[in-house]
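A.B. asks: Here is what each chain is made of, one letter per residue.
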Amino acid sequence: MRTHRWVRSFAVSLYFILALDHITASTGAGEEVGRLITFDGVTKRYADGTVAVDDLDLEIPTGRITVLVGPSGCGKTTTLRMINRMVDPTDGVVAIDGTDVRSKNPPELRRGIGYVIQQAGLFPHRTILNNIATVPYLLGWDKKKARARARELMDSVGLDPAMASRYPYQLSGGQQQRVGVARALAADPPIMLMDEPFSAVDPIVRKSLQDEFLRLQAELQKTIVFVTHDIDEAIKLGHKIAVFQVGGKLAQYSTPDELLAGPKDGFVADFLGGERGLKRLRFFRELDAEEAAARSGDAGGPGPDGGPGADEKAGEGDTTGGSDDSPVGGR
Amino acid sequence: MALVDGEPLIRWNWVADHLQDFVDLTGEHLFLSLAPVVLGLLISIPLGVASIRWSWLYPPVFAGANLLYAIPSLALFMLMLDLTGLNSRWTAIVPLTGYTLAVLVPNVVDGLRQVPASVRQAATAMGFGTWRRLIQVELPIAVPVIMAGLRVATVSSISLVSVAVLVGQGGLGQLFTDGAQREFPTPIIAGIVLTIILAFAADLALVTAQRLLTPWARSRKGTA
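As you go down the protein sequences, you meet chains G and F in turn.
At position 299 of the first sequence (counting the first as 1) the number is 299 in the working numbering, and the numbers step up by one without a gap.
At position 56 of the second sequence (counting the first as 1) the number is 1056 in the working numbering, and the numbers step up by one without a gap.
Extracted from the complex, chain G is given alone in its bound form (with noise of 0.2 Å):
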């Protein structure tokens, strides 16, 4: 059982560099462009018996949104963390471009991952443009060089200059996430975590602080794995979506189109909520919508796509904001 799960495990890795070299090789170029997870066979048991993750089998596309969503204590968070090994699996291997992540040193690893989470957990000591300039220090960057990205990423995050030498007590919440996303760009890791980042905002912030991630999205193509609990947010920024249910299985891997037309089983149904007709609807008008932007050019920012649609949607996600996987709840 368990040489078979390391063959397995081997097999997929190699396939994946291999795989990698390729690509690399076809591109010609250097750059990063995203990278590749891949969850094989991975479970998370904790000391006291309960399952959090169970035989998850996940390959995460590299330059892709992917939206892991489920009910409280489906083991989306945990999955999440596994990545960067806030927590370790207690079985299977999690890996990045088919290395397994235990091959690194935790802090050396997450320098090279953003991580976002919902309460932004900023550093309340430090300035905004030291609080993104974080992990450039870290890295051991010039400090010059790493104030004057600081400073180029509260621009692409459309933060106020004037910002920079605040403190994060005198910015608001939707301001105080736009500096956790800023920092999580700073040293342009090719792997962004985020934990319902946009949870804790209210509704018309969270619809902008959505929209200009797609936006900032669409130009850095990072591999973004993004937590949430509400399906309609999760509908609106994946690519792909995996739907978990409680006990850590996953129900359903899938796009969202396919996700809206055939559920997969009545969890997945009954989480995608009534009226999947007018989400599928409300999906295709916006992509339409991001499509018409993109050709007009850059128009600056999302068009006047709200409507009823928005409102009914935020109305929805304000019912299901307080609920939360992490142990510190809302204010």
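To be clear, the hints were calculated from the coordinates, so they are not data collected in a lab.
Do not take every clue at face value.
Here are a few chain G residues that sit away from chain F, every Cβ distance over 10 Å (derived from the structure) [to be verified]: (1) 41; (2) 59; (3) 103; (4) 106; (5) 134; (6) 167; (7) 204; (8) 240; (9) 251; (10) 261; (11) 264; (12) 270.
One-sided excerpt, in silico: chain G residues whose CB lies under 7 Å from chain F [what the hints assert, rightly or not]: (13) 107; (14) 110; (15) 111; (16) 135; (17) 138.
The beta carbon of each residue, even a glycine, is placed where N, CA and C say it ideally should be.
Start from chain G and add chain F according to the hints.
C.D. replies: The following block gives chain F in isolation, referenced to the frame of chain G:
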């Protein structure tokens, strides 16, 4: 102490004649009260950090520091006398250091405990190692709470030093014994006033230091 008839509460000419003594005694008093605070802080930080890391350690550490505080200061000074002798400043400094622990250890622990879990998590996820996170993130965030303890420890230390005059130390405390022995109130009044001024000045210095050290904590209303 009964006042002698006709003796005024304060004789200004005596005060004027002894200004240099006041300066010397104040300096001595300041040293004897601040050295224990500094030593106490140096001991409290590792003790507090260890108490957080190994939580079983905190109850005995906390109880120990509290028990130390319960020992009457005079008794402790007398005990020290056997170890360090009449002419050593350590006779005053060691017991006073022990007293500061009762305030400082809990404050270091509380300060570290109130670092938000999200901040600690974010630091870990950014790639801080355990020590680096402690020094660059957790301790700086604990500074306001530690400073609050430092203020209490400093003021109480300034007031306690006077007792050490009975073991040959005590800074401004010498004015009290002097006044009492000669039934002469002026030095006693001067000693009280100077002690209070010293306590105020030290506290003000600490508040100022805190403001400079933690600009980020000023008017922290609802850290969203």
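A.B. asks: Confirm or reject each hint.
C.D. replies: Going down the list of hints, with the structure as the test:
For residue 41/G, the non-interface assignment is confirmed: its Cβ lies about 25 Å from the closest Cβ of chain F, beyond the 10 Å cut-off. The Cβ of residue 59/G lies farther than 10 Å from every Cβ of chain F, with a closest approach of about 23 Å, so its non-interface assignment holds. With 10 Å as the threshold on Cβ separation, the claim that residue 103/G sits away from chain F holds: the shortest Cβ distance comes to roughly 16 Å. For residue 106/G, the condition that its CB be more than 10 Å from all CB atoms of chain F is violated, with the nearest at approximately 8 Å.
The claim that residue 134/G is not at the interface with chain F is violated, since a C-beta of that chain comes within 10 Å of its own (minimum 5 Å). Taking the minimum C-beta to C-beta distance to chain F, about 4 Å, the non-interface status of residue 167/G is violated against the 10 Å cut. The claim that residue 204/G lies off the interface holds: its Cβ sits roughly 16 Å from the closest Cβ of chain F, which is beyond the 10 Å cut-off. Chain F leaves residue 240/G outside its interface by the beta-carbon criterion, the shortest separation being 23 Å against a cut-off of 10 Å.
Here residue 251/G stays apart from chain F, with its beta-carbon at least about 27 Å from theirs, past the 10 Å limit. Non-interface call for residue 261/G relative to chain F: holds, since the shortest CB-CB distance, roughly 36 Å, exceeds 10 Å. At roughly 32 Å from the closest C-beta of chain F, the C-beta of residue 264/G stays outside 10 Å, upholding its exclusion from the interface. No Cβ of chain F comes within 10 Å of the Cβ of residue 270/G; the nearest lies about 31 Å off, and the non-interface call holds.
Interface hint at residue 107/G: satisfied, since its Cβ lies 4 Å from the closest Cβ of chain F, which is below the 7 Å cut-off. Taken as an interface hint, residue 110/G checks out: its beta carbon lies about 4 Å from the nearest beta carbon of chain F, inside 7 Å. The criterion of a C-beta within 7 Å of any C-beta in chain F is met by residue 111/G, whose closest approach is roughly 4 Å, and the hint holds. The beta carbon of residue 135/G is positioned within 7 Å of a beta carbon in chain F (closest approach about 6 Å), and the interface hint is therefore held.
The beta carbon of residue 138/G comes within 5 Å of a beta carbon in chain F, closer than 7 Å, and the hint placing it at the interface holds.
Comparing the model with each earlier hint shows violations of hints 4, 5, 6; every other hint is respected.
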